Structures are given as structure tokens and as C-alpha cells.
Amino acid sequence: MIQSNITSWETKGDIGILSISNGKENYLTEPDFLDLDLFKKWISDEKIKGLIIRGLGRNFSAGADIENLKKLAEDKTNLSGKMNKGKEILNFIEDLTIPVVASINGVCFGGGLEIALACHMRIASERALFAFPETNHGLIPGLGGNYRLTQLLGKRAYEFILTADMVCAAEAKKLGFVEYISETKDTFHFAMQKMISMVSDRSLEIIQSAMKAINNSNNSNREEALKLETELFCNLAVNVKFHQKE
Amino acid sequence: MFKVLNWHIEDKVGYLEINNPPSNPMDSAFFEEFYWWRTEIVEKEDIGSIIIHGKGRHFSSGAVLDDLLGIIARSYHDTNDIKKISEFLNKNSQIFFSLKDLKIPVIAAIRGVCLGSALELALCADYIICGEKAVLGLPETTFGLIPGCTGTYVLPRVVGKALATEIILSGKTFSPIEAFEWEIIQKIVPSKQVLNKAVEVAKKLSANFSPELKII
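Protein chains in written order, with the numbering used here: chain A, 166 to 411; chain B, 33 to 248.
Check each hint, because a few of them may be wrong.
Claimed, not checked - Keeping only pairs whose Cα atoms sit at most 20 Å apart, straight-line, the calculated SDA-like set for lysine to any residue is: (1) 377(A) to 174(B); (2) 132(B) to 383(A); (3) 123(B) to 389(A).
Derived by calculation from the structure, the hints in this document are not laboratory data. It should be emphasised that the depicted structure is a prediction, and the values quoted were computed from it without experimental measurement.
Could you put together the complete structure from these sequences and hints?
Given below as C-alpha cells:
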């Protein structure tokens, strides 16, 4: 297991698990919640086929610790640097060419929700709670959450962000930013099963090809997007044919 | 006019039937004829809508793998250049997607199996109507490939990244009920009524057609 800032990560079989661990609420003390270089190295070294992000204990993450954020804000350049690093981490997670699933227990607020939104799929426990409380504190989500939620919900995102209202898992699913509510008490186990159904018996190459193409689907240039898909397809097809000959 | 495709017009509705029963596989002849139909024929006709369907009990089992892999392997052997092969094959995707450039609604009427490239073709239509017993899926990753005919681009735009990732990576088939819940298809009807209901939909849509329907 590797420790970095308030996170740790480990590999179980082909699947990587990133755990947020910072007291009971898993506060994100600082926006750059892990060492990106270390994390990148681990992802490529371990050749994992999927990544699950969870909060250790009863909560995913309650987001930023407001008192600490106020302290950080005293030095504007420093804060802005840290925010950019946080964004870089989430962009990296979102662009990963393996599926990334958030396994969400308890509270998932602010920065915690921003991490969850950077994942490709969100699985929540029945009793999970979601909110962007930033506007209550004179702020807005700062790690790409406005953008990502609007991508998922369209204009319905405005109300959720501006009211700062808390919603339960069922409401989050209905709104459309939670894909599954765990059918068992053990959300992490359910997320693991879901991940296994997607990546077991698939080579890393197939997974990466599929995810590259899917990640590219928001490319508004459809000709380019379709070209990439065909190229990825052909690269795999050549191998399939060679294997059949052998 | 064609071998694998039947094209006829009745009452301003154009019917494109995949005629290679029982499972109506999409072989190289299909792709050639489809290309010809799309580029040379369909836009010259006086029609208000198009229905794509399969002859007999099935829509289509999708691309014929041996045909496709054969073409790719042969040209790879000749040219050793993936980019060239890919340029050639990319025509199939572009032509599927170009259903979205037509000014009239396209309805996919699905009975029985609709797998792989066949589902990709249906996803490029504007409205999908399914028989109760239809079987849908993108099984490509279960045999070492990925969807290669618009699926990885269109499906995430229709159902979102999360569900598209799951459908594509798991490769599992799914039912019309699931597809309806995910908003991949728009209507489920008893299998025997698929074509009749598709005609009703086609006429209604062509009467009140808005180009926004084409946007995904």
C-alpha cells in the first residue's frame, strides 16, 4: 500500500483501489489530495485494468475543511496553485483509459463530490448524501464540478449548485449523477462486482482502446472521433487475425 | 437492384430491408450496397421517412467477422500500414453516421437479434422501435475487439459515459425493457406488430419533423 497526503492506494488482482482517509469525515485538507507523480507511476507500473475510488470508513468525503481553506486563502497565489494541482489530478483521473468507479458511502460533499464526478461511474449506498455547499460559504465548486455536473445534468445542474441543497442517493440517481445504488449493504463490494463484470477476461489493450474511444465521444468533431474509433478497432483487429492464424 | 438490400417505396415511406436471412449478417456486400444506397439513391427519392428493418425474424447479427478481419489482414499484409486500412474501413462508420445528415426521420424497426454493427446502425437512426423479444448488444469486446462502426462515439452521447462504458466493456446483451429504461430505444411493441407500428411512427414523425431530432 502506498500512502500519499490523505490518500492511500493498493492493488487487488487487476483492480486498483484509491482510498481517501482523513478522520471521520475524510476532509480534503488541501485541494491537491494526492501526489500526482507517484499516482501516475503506480497506475502505469501496476497495469491495473480498473480503478475504484472510495472513502475509508463511513463517509466518502465531506469536501474541503472550511477553516483550513480560509487559512490557505490568505496566500492567493499559493491557493490558486493548489487548486490548479487539484484540477490536474481530477483531469488525469477523468482521462484515464481504464474505467474509474466511485464507491460512495455517507457524505459526498463539495470537493468530495468533485472527485466523484471525475469518475466514469458513481455507485452510492442507499444512505449516501450529496451536496455542493460552496454557495452557502460565498464560494462555488472550484475543481471542475460546475462543468462536470452540467455535462451530466444540463441546466438542471444550476439549481443543485445554486441552492446548495442536499440530496439523497435516490434523488441523485433520478437527477442523473449517480448511476447505481448498491443492492447490498457493502457498497464497495457491489462496486467491485460491477468493475469485475467490466474488466475480467478483457485484455488491458481492449479496455484501453474502448476507453480511449469513449473518452473521446464528447469531441464535437464527429469525423475525427469516428476516425479514432476505426484506428483503434483496426489495431485490435490485426492482432485478432494473427491469433486466429496461430 | 441489390443483393443484400431491398429498397422500395410505398406511400412516401422508404423501406430498406436487410435481406440475408435468417440472421441477416452484414457482409462486405452489405456495406458496399449500403454505401451505394446512401450516396446515390436515397436523397433522390421523394420520401418523407425511412424505415430500416431485417427480413424475417431478425434485424441483423452484425458484421461478418471473418469478412472484416480478412480484409484487414490482407491489406495489412500488403501495405503494413494500419492508417491506410483504417481510412478505408472508416468509410463504413462515416456512412452509418451520415443518416444524421438526411433531412427526413430514419426509424430502425427491430425484431430478433440486433448485435454489434447492426445496433450501431440502429443507433444512427432517429427513432428505434423494438419487438418484445429483441436482443440487443455490443459484444465486440468479448472477442478481442471494440465496436468499430460508430458505437463508441454514439452510445456515450445517447446514454452517458457510465452506462456506455458498462455496455461496451461487459459486452452483455440486453433486453428492450432495459434499452427503453436507458433511453436507447423509444418504443416496445409485440414482435408481430413491429413493422406496422414503425409505419405509424414514420408517418407521424415525417408530418411533424424537426431537425433537432437528428442531434445527439
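Practice prompt. Enumerate the violated hints, using their earlier numbering and listing them in ascending order.
Written response: none
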